[in-house]
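Note that our numbering has the sequence shown beginning at 20, numbered continuously upward.
Heads up, simulated DSBU-like pairs for lysine-lysine below, C-alpha to C-alpha not over 35 Å straight-line:
id, residue 1, residue 2
1, Lys-65, Lys-132
2, Lys-50, Lys-65
3, Lys-65, Lys-171
4, Lys-50, Lys-171
5, Lys-72, Lys-50
6, Lys-132, Lys-50
7, Lys-171, Lys-132
8, Lys-72, Lys-171
Label-pair distances were calculated between CB atoms; the ranges are:
id, residue 1, residue 2, range
9, Asp-57, His-32, 18 to 28 Å
10, Asp-168, Asn-143, 12 to 22 Å
11, His-32, Thr-173, 34 to 44 Å
12, Gly-121, Leu-64, 36 to 46 Å
13, Val-187, Asp-31, 36 to 46 Å
14, Ser-80, Thr-173, 16 to 26 Å
15, Glu-36, Val-187, 30 to 40 Å
16, Ser-38, Glu-165, 18 to 28 Å
17, Glu-190, Ala-126, 20 to 30 Å
18, Ala-179, Asp-31, 40 to 50 Å
19, Glu-130, Val-187, 17 to 27 Å
Calculated from the structure, these hints are not laboratory results. Ideal Cβ positions, reconstructed from N, Cα and C, are used throughout, including at glycine.
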Amino acid sequence: MTDTPDDQPQFDHVYEEQSNFVYNLARRLSKTQTDAEDLFQESFLKVLRFLPKFRGGSVRSWVRQIVVTTNISRYRGKKNQSQAALDEHEGWKESIPDESAGPETRAEQEEQKRELHEALQRLNEGARQILVLREIEGLSYDEIAELLDVPKGTVRSRLARAREALRVVLEGSDG
20 MTDTPDDQPQ FDHVYEEQSN FVYNLARRLS KTQTDAEDLF QESFLKVLRF LPKFRGGSVR
80 SWVRQIVVTT NISRYRGKKN QSQAALDEHE GWKESIPDES AGPETRAEQE EQKRELHEAL
140 QRLNEGARQI LVLREIEGLS YDEIAELLDV PKGTVRSRLA RAREALRVVL EGSDG
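Please put together the full structure from these sequences, using the hints given.
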């Protein structure tokens with residue numbers, strides 16, 4: 020299917036409005052900066068391809084679903100390949116430090132953010148994905164179940180296992 024001239028302005032608008040969101044989500048779901056950039060590009064290629072089929076509703080939810088399903092497909096394709104080394108902290112855009120806090124508090128917040136990022140990167144793909152969707156993206160159990168096409172109970176059990184795995188990784192990094 021080829022794009023019509025009318026599709027390009029729509030795509031440009033979606034890209035402009037959603038690119039930061041997609042980049043941050045791709046970054047959180049990916050182990051390396053390169054993987055995040057690849058996921059970002061693949062996701063927007065799919066947005067461009069499927070934009071004429073978009074039937075309304077929340078663009079952000081629709082784009083989120085594309086990013087997550089693209090990530091799942093990429094992960095399944097890489098499952099048997101060796102994992103890349105953990106990437107640098109560079110590029111992680113979790114939150115803006117509280118400017119009203121003193122320099123010691125801001126430094127502590129940055130250190131906690133860095134530790135969380137490193138711990139997330141040490142988790143398996145499924146655990147990282149479910150934690151990002153629930154704890155960072157703030158999706159409900161129902162939304163995650165629909166997005167991942169699994170029962171709500173499966174979301175609960177995966178999330179419990181992922182939280183436990185994250186706790187173990189974080190406690191292990193303290194010693």
